[in-house]
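A.B. asks: Letter by letter, the chains look like this.
Number of protein chains: 2
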Amino acid sequence: MKVSREKWENNFSEWFDRVLSEGEFYDYGRYPVKGMGVWTPYGFRLRKNIIEIIRNLLDGTGHEEVLFPLLIPEDLLRKESEHIRGFEGEVFWVTMGGHEQLDVKLALRPTSEVAITYFESLWYKSYRQLPKKLYQIVSVFRYETKATRPMIRLREVTTFKEAHTLHETYEDAERQVWEAVEIYKKFFDILGIPYIISRRPEWDKFAGAVFTIAFDTVMPDSRVLQIGTVHHLGTHFTKAFDYKIQKKDGTLDYPHQTSYGVSDRVVAASIAVNGDDHGPVLNPYIAPIKVVVIPIPAKTEEGTEKVFEYAREIMKVLNDTGIKAVIDEDRDKTPGEKFYVWELKGVPIRAEVGPRELKEGAVFLKRRDTFEGRSVKKENLVSEVNSLMREIYENLKKRAWEFLNSKIKRANTLDEAKKLLEAKAGVVEVPWCGRDECGLKLEDELQARVLGSPVGEVKVEGKCVVCGNEAKSLLRVAKTY
Amino acid sequence: MKVSREKWENNFSEWFDRVLSEGEFYDYGRYPVKGMGVWTPYGFRLRKNIIEIIRNLLDGTGHEEVLFPLLIPEDLLRKESEHIRGFEGEVFWVTMGGHEQLDVKLALRPTSEVAITYFESLWYKSYRQLPKKLYQIVSVFRYETKATRPMIRLREVTTFKEAHTLHETYEDAERQVWEAVEIYKKFFDILGIPYIISRRPEWDKFAGAVFTIAFDTVMPDSRVLQIGTVHHLGTHFTKAFDYKIQKKDGTLDYPHQTSYGVSDRVVAASIAVNGDDHGPVLNPYIAPIKVVVIPIPAKTEEGTEKVFEYAREIMKVLNDTGIKAVIDEDRDKTPGEKFYVWELKGVPIRAEVGPRELKEGAVFLKRRDTFEGRSVKKENLVSEVNSLMREIYENLKKRAWEFLNSKIKRANTLDEAKKLLEAKAGVVEVPWCGRDECGLKLEDELQARVLGSPVGEVKVEGKCVVCGNEAKSLLRVAKTY
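Sequence order for the protein chains is A and B.
Just so you know, we're using the working numbering here: the first sequence kicks off at 1 and counts up by one.
Just so you know, we're using the working numbering here: the second sequence kicks off at 482 and counts up by one.
The shape of chain A in the complex, shown without the other chains:
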């Protein structure tokens, strides 16, 4: 069966909103505060499984989880001048407590560099205590003036995993940047989300960073979604706090920092990257429910009773081995109506159990990704489900990467680039002389965003598409979220 992905690709925005609401992942757009949604139970469990993966990766690489205050006083937020310039326009301010006006305005944290640097300066005084890697998973707030979107552009970002590290030297911090990049690669690989990695251009790096490395993915509508960033902060913040440590050579100097984050957007991408017109197909390793058991009624009441009993038995076999399965026992719905619901939730495997399966001691397993079915004996159920989960995972990952790769195009002139972007190419790479002014002009001409240059050695031939000088690098440009 060829699965249609027409709506998924050509009408993604509608597809996504419908999946989130009808699939019961996330309630959005009904709360009387713009840009704030609710994680309903099913979506919450998906989010939790995803958080658990990044938590394990961070804990396994010497990161320590912490929790800093949500409110940041104005003077603290103003410590680093580039930083506040970058965030000032989009900070929510608390100005009142009870009926009193506060002496100092308090920001809802847009990110936590300043609060964390403040405490680091109290805690870590010597190179002996370094490197130090902290992280927290918290809500951050941005007073977005652009159109908000569920999970993608929010005023309350509820799943901000921010890591903050402290190092003796610039080089140590740079090594940490690449360690973070490796951690995120693993994270997205486990999730099956394909990505490209770019060094953001000077004019689009994090407010307060020396440089920013970013992970982007391409959404079904060909628009690019930033899903993770890693910043080398140098001594920008430690200098602002006049915070020095004792170095190995006995001198006192400013320590170097990095920070890196991922957000709700990772959940959005997990739902979006593998979809079809029936809904999403969740990666079995993060799916809250691996198998939904659908009993197919028999011709007689008594036969149906037996089928339901057998179906419950099947569910129990799976749950007993830790494979999360549920059964849909609703007697008022036809199997077809149930299929529809569970497909919208992206449950990777459907186990159909009818009179024939009962008679044969079998289960009919249907894959959500290809809709291929196979009948398996009950005694082989667990191993069959396990291998099916692996197959689905591999297939999803392969398909998602193929989609991403098909969305990266090369253009050698501005005109070519423009046409490609208009034709929803996804990411367009162009030769570039390396000068910021050409990059900015490119954004202007194409009405698109520069993602930056590929990380690592890139062989470039040709001329800068803007100025015609010898190209030194490539610039990636795209319509973005």
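Calculated directly from the structure, the hints in this document are not laboratory data.
Computed from a prediction, not measured in an experiment: that's the story for all the values here.
Quick reminder that beta carbons are idealized off the backbone N, C-alpha and C, glycines included.
Treat each hint with caution, since some may be false.
[Said to hold, decoys possible] For the chain B half of the interface with chain A, some residues (derived, Cβ under 8 Å), not all of them: (1) Leu548; (2) Leu557; (3) Thr576; (4) Phe600.
Once you have looked at the hints, place chain B on chain A.
C.D. replies: Relative to the frame of chain A, chain B by itself:
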């Protein structure tokens, strides 16, 4: 060895502050916003272990975890009039976004009844969907005007576990109240925190509740700490939202609600209830580190090397079986200095490993609660540690309950009650006629707080200590946090 608890009991406030800071649980009092602290890595892990316990208890009883927005618009918060009256004076208000004044002020949630009722009214329309039990673990905010205290009285309560349930009838909701009480009993029993359960008096129930059942414990200084509350909300909130559901009998009517919460105070109590002058003694089941291995140097450099190697081996044996152990390899500190540090952190078992242990293939295990030691063979290490953890847990629980029970006294006159409270009795129970005015007068006369009446049947003889009429119940009164 008799362990001194003199400072713990007579100078608790100082003891607690010192433990939190030197034990590296929590950084408090240094952040430029009052009433907001930082969960540093060690404390964070203790908090996480505690959260995991309540999460399992709730998930196991049909509760579903969710996440609602942090900001509540003023008009929504004002929906239920008693509720807003109770919180109005202590709400933080967001009034600005970027440089703009907001049209509607946004409250940092003090609790989430209104936000949740709002969504329940969109999601649940029929008795068939009930009961519904949701919970979230989030930060809530109170603009406290009283003196703040780390983990105990905060402006940002970072660990608010709030459950919210919805039911067809008053009786269903009342049954839920008692289910919640049972869940909390289990929770505190696992944690080894002793408690008394009281029905809060009318004048001190939750703002918007029909009645409130509260869990209290007695801190080392004899002051009472509320550690959990369960509220029957009746139809107060559903009426305010004019939210009706279809009932079983076909009519439309307001559903009934409950809510119940615990907070950072549970972590505070976990640290406080079992302490001595060396620091806290953590319940082994929630301790982030179960065993600290301390190598005792030999007389020669070479001998010391071998001891350290053996100590690392001991740590590995434990970690390999899932018993979290660390080793303190600091060469600049004496064993005695190390003992001091790890006692302050409350690690339940110390494994001393010196030349003798190396020679004998043994480990000297020392209990943190009694400081009793025993030498065990390496091959028995894991089972010995496991049984020691059980013993320590049982001993801590017993000791904590004995302490609590010794802090509950009976008085038959106002004068007796006053003297007992002055002598730091803890909780004083007095006969009471059952009228609010006598309860309020009691608070006034004793300059103390009424906790309420014991839950369940109570046999009372005697006269109300205030009015002298026949007593119908007991009132518990105490100096509280």
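A.B. asks: Out of the numbered hints, which ones does the structure contradict?
C.D. replies: none
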